[in-house]
Structure formats: C-alpha cells, structure tokens
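> Here is how the chains run, residue by residue.
2 protein chains.
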Amino acid sequence: MTRVLIIGGGGMVGQKLAHRLATSGLEGAQDLDVTLFDVGFPLASAPGAQITGNLTDAAVIQNLAAQRFDVIFHLAAIVSGEAETDFDKGWAVNMMSMWHLLEALRSEHNATGGAYVPRVVFTSSIAVFGGPFPDKIDDAFLSAPQTSYGAQKASSELMLSDFSRKGFVDGMSLRFPTICVRPGKANLAASSFFSGIIREPLNGQEAILPVPDTVRHWHASPRSAAGFLVHAAGLDTSRLGARRALNLPGISCTVAEQIEALRRVAGQKTVDLIVSRPNADIAKIVEGWPRDFNPARAEALGFKAEDSFDEIIEIYIAEDLDR
Amino acid sequence: MTRVLIIGGGGMVGQKLAHRLATSGLEGAQDLDVTLFDVGFPLASAPGAQITGNLTDAAVIQNLAAQRFDVIFHLAAIVSGEAETDFDKGWAVNMMSMWHLLEALRSEHNATGGAYVPRVVFTSSIAVFGGPFPDKIDDAFLSAPQTSYGAQKASSELMLSDFSRKGFVDGMSLRFPTICVRPGKANLAASSFFSGIIREPLNGQEAILPVPDTVRHWHASPRSAAGFLVHAAGLDTSRLGARRALNLPGISCTVAEQIEALRRVAGQKTVDLIVSRPNADIAKIVEGWPRDFNPARAEALGFKAEDSFDEIIEIYIAEDLDR
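Sequence lines, in order, name chains P and X.
Residue numbering for the first sequence follows UniProt numbering, beginning at 1 and increasing consecutively.
Residue numbering for the second sequence follows UniProt numbering, beginning at 1 and increasing consecutively.
The hints are simulated quantities; they were obtained by calculation from the structure and are not laboratory data.
Predicted, not measured: the structure shown is a model, and the values here were computed from it.
Glycine included, every Cβ here is placed at the ideal spot set by N, Cα and C.
Take the hints with a grain of salt, since some may be wrong.
[To be verified] Each computed DSSO-like pair below joins lysine-lysine, with the alpha-carbon atoms no more than 30 Å apart:
no., chain 1, residue 1, chain 2, residue 2
1, P, K284, X, K166
2, P, K185, P, K284
3, X, K89, X, K166
4, X, K284, P, K136
5, P, K136, X, K166
6, X, K166, P, K89
7, X, K284, P, K166
8, X, K89, P, K166
9, P, K89, X, K89
10, X, K136, P, K166
11, X, K304, X, K185
[Said to hold, decoys possible] One side of the interface only, derived from the structure: several residues of chain P facing chain X at Cβ under 8 Å:
no., residue
12, V39
13, F41
14, A44
15, G53
16, G130
17, S143
18, A151
19, S155
20, D162
21, A242
The whole structure should be built from the sequences, with the hints applied where relevant.
Have a look at this one:
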C-alpha cells in the first residue's frame with residue numbers, strides 16, 4: 001500500500017491528479033491510499049479521504065507530517081494575482097508553509113532514525129523567471145522573479161532542494177507552464193484570462209481579453225499537469241543530479257495563435273465572443289513572464305506536454321466542457 | 001547626518017567596513033553615525049556604537065529596525081562549514097533572520113506612511129551557485145546551490161529583491177567572492193584555507209592545504225569587500241533594474257597560482273611552510289563552488305576588485321600583517 005497526500009487536493013489540478021491516480025495509479029505502486037488536504041473542497045468529485053485545514057497553522061502541518069505519507073504532492077498556493085495584492089498571505093502560504101512542512105517531515109525522518117524519506121513533488125511555476133529573457137529559456141537560466149508569487153515559489157524550491165540534498169526528503173520542484181484550459185470559474189491568478197478566452201466562448205459566454213494579442217506565453221493542459229505530477233512521483237531522482245527544479249515542456253504561443261486555434265476548433269462565432277478590454281495591472285504582471293522554453297532536461301527525463309494549442313482546446317472539450 | 005547600521009559589525013569584514021566609513025565616509029553623506037551590531041566584538045578596534053545581541057531573536061531585530069537607520073549593511077552569517085554541520089542554526093541565522101529583519105523594516109515603512117525606505121546592502125556569496133559550471137559564470141546563470149549556506153543566501157536574496165520591488169526597502173545583494181587574505185585566525189568556513197595558506201606562512205607558521213592545488217576559485221581582498229559595500233550604499237539602485245543580486249568582480253586563480261604569487265611576493269622559504277593534507281569533507285564542499293566569472297553588470301556599475309593575486313597578498317601585508 002502506497003499512501004499518498006495531495007496538499008491542495010481541493011483545487012482544480014489536485015482534483016485532476018486524484019482522478020488520474022484513481023484510474024491509472026502510480027508507477028511501482030500496487031495499491032494507493034489517497035488523502036486530499038485543502039482549505040475546502042468546492043469542486044470535489046475525486047475519490048480520496050478529505051482533510052480540511054489551513055497551511056498557515058504549523059500544528060496542522062505537523063499532524064499531516066505525522067501520518068508519514070510515502071508520496072506528498074504539494075500543490076497548494078495563493079495564486080499570483082492575490083499574492084501580489086495580499087503580501088502577507090502570499091508569503092505565509094506560499095513560502096512559510098513550505099518551510100513548516102519540510103521541518104515537520106524532517107522531524108519524522110529523525111524520529112525514524114532516518115528511515116522515513118518521503119517523495120515530495122512540489123508545483124513551482126515559470127513565474128520564478130523574470131525578464132529580460134532570451135528567445136528560449138534554457139535549463140541554466142537564472143531565477144529572477146518579478147512577482148511575489150514567483151519569489152515565494154523560488155524560495156520554496158531552494159528549501160526543498162536543500163532538505164533533499166541532506167536526505168531528509170526526496171523532493172522535486174516542477175515549474176509548471178500556465179495550465180490552460182482551466183475548467184470552472186475564473187480565479188484570481190493574473191494568468192486566468194489565458195483560459196477564460198477559450199473556456200467562456202466555448203460555453204457561449206463573452207470573455208475579456210485584458211492584454212494585447214501579441215502576448216506570447218507557455219501553456220500545458222490540466223491533463224498534462226496531472227501527468228507531470230504522476231511522472232515525477234515515479235521518477236528515479238538520482239537522475240536529477242544536484243538540480244531538483246525542472247522547467248517542464250509546454251506549448252509556446254501568442255494570444256493571437258490561441259484565438260486562431262479556437263477558430264479552427266470551434267469556428268468564428270465562438271471567437272466573436274472574445275472582447276478586448278485592456279487592464280494595465282494584468283498587462284504589467286504578464287509582461288514580466290516567460291514566453292518560450294527549451295526544457296531539455298525535463299524532456300530527457302520523460303516529461304511530456306501537448307504538441308499544439310489545438311490539442312489543448314480539444315482536451316478541454318473532451319474532459320471538461322459541460323454540454 | 002546619515003545613520004548607518006552594520007549587522008555583523010563585529011566580524012572581520014564589518015570591522016574593515018567601519019574603519020573605511022570612518023576614514024572615507026559614504027558618497028552623498030555629510031556626517032555618519034555608525035552603529036555596529038553583533039553577537040560579540042572580539043576584534044573590535046573600529047569606531048562606532050556597539051550593540052550586542054542575537055539575530056535569532058525577533059524582538060532584537062524589531063528594536064534595531066525601530067531605530068530607522070538610513071543605511072543597513074547586513075553582513076551577519078553562520079559560515080559555510082558550520083551551516084553545513086548545524087542545519088538548524090544555519091537556516092535560523094542565515095535565512096529566517098533576513099525574513100524577520102525585512103518584516104520589521106516593512107513595519108517601520110508602514111508606520112511612516114511609506115516615507116521610511118532604508119538602503120539595505122546584503123552580503124550574499126558565490127556559494128549561491130552550484131555545478132556544473134560554464135568556463136565563466138555570467139550574469140544570467142542560475143542559482144542552484146549545493147550547500148545549505150548557499151541555499152540560505154539565495155533565499156535571502158529573493159526576499160530582499162521582492163521587498164525592494166514592493167518599495168518597502170531599497171535593497172541589493174552582493175555575491176561576494178571568497179574574501180582573501182582574511183587576517184586573524186582560521187574560521188569554520190570551508191573556504192578558510194584559501195587565506196590560511198597565505199596568512200600562516202607570512203606569519204612564519206605552517207599552513208594546511210586540504211585540497212589539490214589544481215582547485216580554481218574566485219577571490220577578492222578585505223579592502224575590496226569594504227569597497228563593494230560602500231559603493232553599493234551609494235549606488236543609484238534604479239540602475240539595477242529588476243535584478244537586485246550582483247556577481248562581483250574578483251580574481252580567478254588556482255591554488256597553485258596563489259602559491260606562485262606567494263613565492264613572488266615572499267620567497268621560497270615562506271612557501272615551504274605550506275603542507276598538503278587532503279580533507280575529503282572540505283574538498284567535497286569546495287568542488288561544488290564556482291571558479292570563474294564574467295561579472296559584466298557589476299563592472300558596468302563601477303564595482304572594482306584587484307588585478308592580480310599578488311596584489312591581494314600585498315594588501316594583506318600592508319593592512320594586516322603584524323611585524
């Protein structure tokens with residue numbers, strides 16, 4: 001029996017992951033026992049035990065750690081837009097809770113004389129990068145974030161790497177592309193519109209485009225997100241060497257190319273529902289984000305994303321569109 | 001009157017800085033009022049008020065912040081060797097105290113309606129880098145530390161950058177080369193021998209070389225260290241753009257080249273006092289350290305180091321050798 005904890009299991013990616021684990025399992029694991037932790041479970045349809053709590057409470061984290069899960073997916077975060085407006089909350093949830101989690105896991109490690117070394121898979125983000133950028137960001141490009149969210153993710157990566165180097169946990173940080181098309185409602189992430197301009201029109205609703213259509217960005221589907229996480233949980237981490245943060249594969253395209261793909265998949269009437277309404281705050285955040293990558297290490301390690309933005313739209317239609 | 005705080009003012013670099021401020025002042029400042037903070041002042045000969053305390057005590061930090069210094073140099077750290085063996089102490093002093101300092105300064109900023117924005121100059125380190133390395137590390141190379149000390153410095157850089165981006169402080173992280181020749185006794189830094197093999201022979205004493213003489217490393221003198229700090233305090237930070245961590249200039253040379261320089265400056269009898277005694281623990285740490293840089297940004301911003309290792313030795317003889 002492999003015991004799995006998904007921190008942030010109530011969120012969209014957490015739910016996708018829980019469904020994926022229920023249907024496909026984990027490489028090398030016979031049976032899975034999955035527990036989902038989150039502040040709430042508004043979307044919950046995936047199987048698994050649910051624990052409700054707040055990561056800013058160190059005692060809550062200690063209780064989780066004391067259950068000595070074999071695999072811990074840490075997906076919980078205050079999203080980029082909210083972390084930018086609520087400075088305290090962003091640092092508390094996105095950085096300090098990682099510190100408390102790692103410290104609590106290290107206590108369990110020590111209490112077992114070093115026998116307990118959980119796999120920890122952490123969802124970092126391409127927001128750890130800040131411009132000026134090369135045409136394609138390679139695996140040796142610096143992390144110089146230009147948002148609090150990015151700084152919090154980058155700090156958490158450094159902690160996870162050091163606790164892993166010391167052998168207290170066996171961790172890995174996955175720098176997610178922007179996940180698109182997110183089902184459900186828009187969230188407070190500054191990146192929310194990248195999904196909105198596809199999702200809303202496909203549901204017959206108007207969508208706001210707050211940035212110029214020349215904006216280029218890096219995307220992968222929710223299906224790929226779950227795939228990244230499952231692949232990371234089963235990976236031989238000795239293959240990572242000393243660098244435990246990975247830039248993941250994705251699709252680089254402009255907003256105009258996203259819209260062209262939507263036209264090909266769903267027609268002009270759908271595209272006509274996109275309304276341009278510039279928002280300087282969002283444009284400023286997005287301007288500082290990466291546009292394209294050469295994720296050679298992750299590809300060599302077997303991580304896979306989509307081949308086109310059309311495919312990303314088709315996955316949304318197949319998995320999430322409610323007709 | 002410009003009020004200056006040197007956190008870590010009791011250490012070797014802190015004392016050099018205090019002497020420098022007393023003789024040369026700070027650019028743009030008429031009069032200086034200098035306060036030194038440290039756990040102790042065993043070397044103290046520099047002028048300035050002294051405050052003794054421990055950075056792991058958040059109340060101590062709040063008291064310092066409440067004095068609203070104009071310029072704060074943050075030099076205090078648990079050195080690399082000790083941070084590697086005492087994991088708790090390293091993270092507490094090298095990372096958490098930066099967090100508490102920034103939070104305390106932000107409280108003062110808020111209490112003044114945003115008027116108080118201190119200049120914060122933080123001594124980071126080339127230990128934020130980990131191999132594999134290019135021949136010369138450029139300004140866009142990733143920070144992937146392979147020691148706890150490096151991870152703590154890199155995390156602190158991220159926090160200082162984000163608090164600065166938000167306008168709570170006006171900060172800058174200086175990634176110091178290894179400072180050489182350090183006067184006084186060997187310390188617990190894994191890099192201590194780089195100074196020891198020059199200093200001990202010049203004082204007629206035997207010195208242990210724990211690594212092969214093919215080891216290449218990046219050095220600057222204590223005089224340059226003080227110069228970097230003073231230059232940073234007077235710099236127009238708008239010239240830094242969004243990236244507030246800088247790789248500083250230095251001298252790249254092998255241990256064999258260091259020894260050749262010592263031979264040129266002080267003769268064969270002095271060199272004969274160096275005894276090779278391999279230490280695997282030190283060799284392993286040092287193996288993961290950078291060897292050479294192209295510090296283009298810092299040079300363009302006017303930061304300067306020595307032109308040769310001979311000059312580094314001559315500065316030690318002129319400033320610190322007790323004949």
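> Starting from the hint list further up, note which numbers the structure goes against and sort them upward.
4, 12, 13, 14, 15
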